[in-house]
Amino acid sequence: MSSTRRKKSNRADGYVGILAVDIHFPENGSLKDKRQFLRGLKANLIRKFGASVAEVGYHELWQRTRLVLSLSSSSCSELEQSLGRMVGFIESRDCRLSTVQKEIIKMEGD
31 MSSTRRKKSN RADGYVGILA VDIHFPENGS LKDKRQFLRG LKANLIRKFG
81 ASVAEVGYHE LWQRTRLVLS LSSSSCSELE QSLGRMVGFI ESRDCRLSTV
131 QKEIIKMEGD
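Each residue of the sequence shown is one higher than the one before, counting from 31 in this note's numbering.
Treat the hints as calculated values from the structure; they're not laboratory data.
It is possible that part of the hints are untrue.
The calculated lysine-lysine pairs, modelled on DSSO-like cross-linking and capped at a C-alpha distance of 30 Å, are [said to hold, decoys possible]: (1) K78 <-> K62; (2) K132 <-> K78; (3) K72 <-> K62; (4) K62 <-> K132; (5) K78 <-> K136; (6) K72 <-> K136; (7) K72 <-> K132.
Derived Cβ-Cβ restraints for the label pairs, each shown as a range [as the list claims (entries may be wrong)]: (8) Q131 <-> S60: 20 to 30 Å; (9) L91 <-> G139: 33 to 43 Å; (10) Q66 <-> G139: 36 to 46 Å; (11) S104 <-> R65: 28 to 38 Å; (12) S60 <-> E108: 15 to 25 Å; (13) G139 <-> S60: 41 to 51 Å; (14) S105 <-> V130: 14 to 24 Å; (15) Q66 <-> T129: 19 to 29 Å; (16) S107 <-> N74: 19 to 29 Å; (17) S128 <-> A84: 15 to 25 Å; (18) G59 <-> G139: 42 to 52 Å; (19) D52 <-> F79: 13 to 23 Å.
Backbone N, C-alpha and C fix where the C-beta goes; we use that ideal spot for every residue, glycine too.
Whenever a hint applies, use it, and build me the whole structure from the sequences.
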């Protein structure tokens, strides 16, 4: 083996995808209804996508919420697809997305 040849890298890159979504519930009539809806939505996102989900805003407003969701993957393209499917899943529910922010962070291996 030539000394100028590079050794194959054992580096493994990973990706973390983060979504922040503002959700509006125009038909919602109470804080209790909102919390019931969110319990089901969060459970489905965790079960279907393996997402981490946190309600981070508008806790006391009964027609609005902000969720932050995260996923990780070794493939950036698979992560992009999964994030898109999560947005589509939320949109298919009885609510409206007013804001969607997406960020993907590359974590480089050693």
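Original post:
Which hint numbers doesn't this structure obey?
Top reply: 12
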